[in-house]
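Visitor: Can you make the complete structure from the sequences, with help from the hints?
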Amino acid sequence: MLSRVADSIYWLNRYIERAENVARFVEVNLNLLMDNPVGVTQQWEPLIAVTGDRTLFQERYGETTSTHVLNFLTFDTQSPNSIISCVRSARENARSVRETISSEMWQQINTFYLMVEDAAKNRPEDIREIHNFYEDVKLASHRFVGVMNATSSWNESWHFGRLGRLLERADKTSRILDVKYFLLLPSVKAVGSPLDNLQWISLLKSASAYEMYRKVEQELTPANVARFLIFNPQFPRSIKFCLRHAERSLESIIGPSSDISFSSQRELGKLRAEIEYVTFEEIFSLGLHEFLDGLQLRLNQVGDRVHADFIAVPPSVQQSSDGGSSDTTQPENSSQMNQATSPVLRQSNGQIANQTASQLTATAAE
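Last residue of the sequence shown: 372 in the numbering used here, with the numbers rising by one and none dropped.
No lab work stands behind these hints, which were simulated from the structure alone. There's no promise every hint is true.
Cβ-Cβ distance ranges computed for the label pairs, FRET-style [what the hints assert, rightly or not]:
1. I133 to I266: 49 to 57 Å
2. S263 to K221: 36 to 44 Å
3. P242 to L303: 33 to 41 Å
Once the Cα atoms are required to be at most 27 Å apart in a straight line, the calculated DSS-like pairs of lysine-lysine come out as [to be verified]:
4. K144 to K276
5. K246 to K276
6. K144 to K221
7. K211 to K221
8. K246 to K211
9. K144 to K211
10. K246 to K221
11. K127 to K144
Being a predicted model, the structure only gives us computed values, none of them experimental. Where is the CB? At the ideal position from N, CA and C, for every residue including glycine.
Guide: This is the structure we're talking about:
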């Protein structure tokens, strides 16, 4: 497979997954605010922290209000992680590999793109319209994955797509758990209160995990929520599930008989093994934030290794492996692996940690 094709399909799936996650986070936050009593600190700060785009947000908007955050995360074309930016990038990647993906996949991504562009021109104002828009974004993402699974051969191309989607999903699950775990409680006094329960329910719903959590856990506690989102082997948005299946896709790409050692395979294998065998007690002994912060760094390293192993391939190597010359010229605006310099993937997690600590201190002071 040409490296540009692998690159585009990988990022096509990452961008679709990212748009869906942003829609889910915002929608759940809107629901949570409707249940919060007057005087509770608004919950918009964590959503900016999750994307890692705090500096850009402050430069563009300054004050953190619901209107500013909603626009920044949804329709701001200058924000690399807004829904509209993600969908545009996904469509451009799909356009560059139309000869590889199925016509049904192209139709679905194009429909998704047109829906978001129309919403950007005719902004939803009524609260019901706003909720419907985010619901439509989630459903469009689900349809794309379903169409991809139903109309594509499960070959290297398909596995590159799933690899990108699962790495993105694991990253987002770790980030929302990390940020919300430390920032959503207004005060220590709220622990165990009805408001406290609402916070943990919102966290589970932001990962579409609430119903599945209730099937396996009787009590709603912070430890149980964290344990479920990290370790549950059957829930498709848990970190363990994502890493297991991402590793399987990477192994399918490499092939069972390959004698070549790939750094991405080693890095992902080590990370998956650590998640398999670490205990929850060990995580809390280290510190949940420290564990998740390290996990995010490791996920970034896996992405870098995938780029080095499969995308940044010298043209001579591609010609040899493809049996002929290959066009390595990227179309305009095509999303190469190294173009993904958005803060979600490239910002130092230490910066996010510092932001988290500062916000926590400010909240306590209030």
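Visitor: Any of the earlier hints contradicted here, and which numbers?
Guide: Numbers 3, 4 - these are the hints that the structure violates, sorted from lowest upward.
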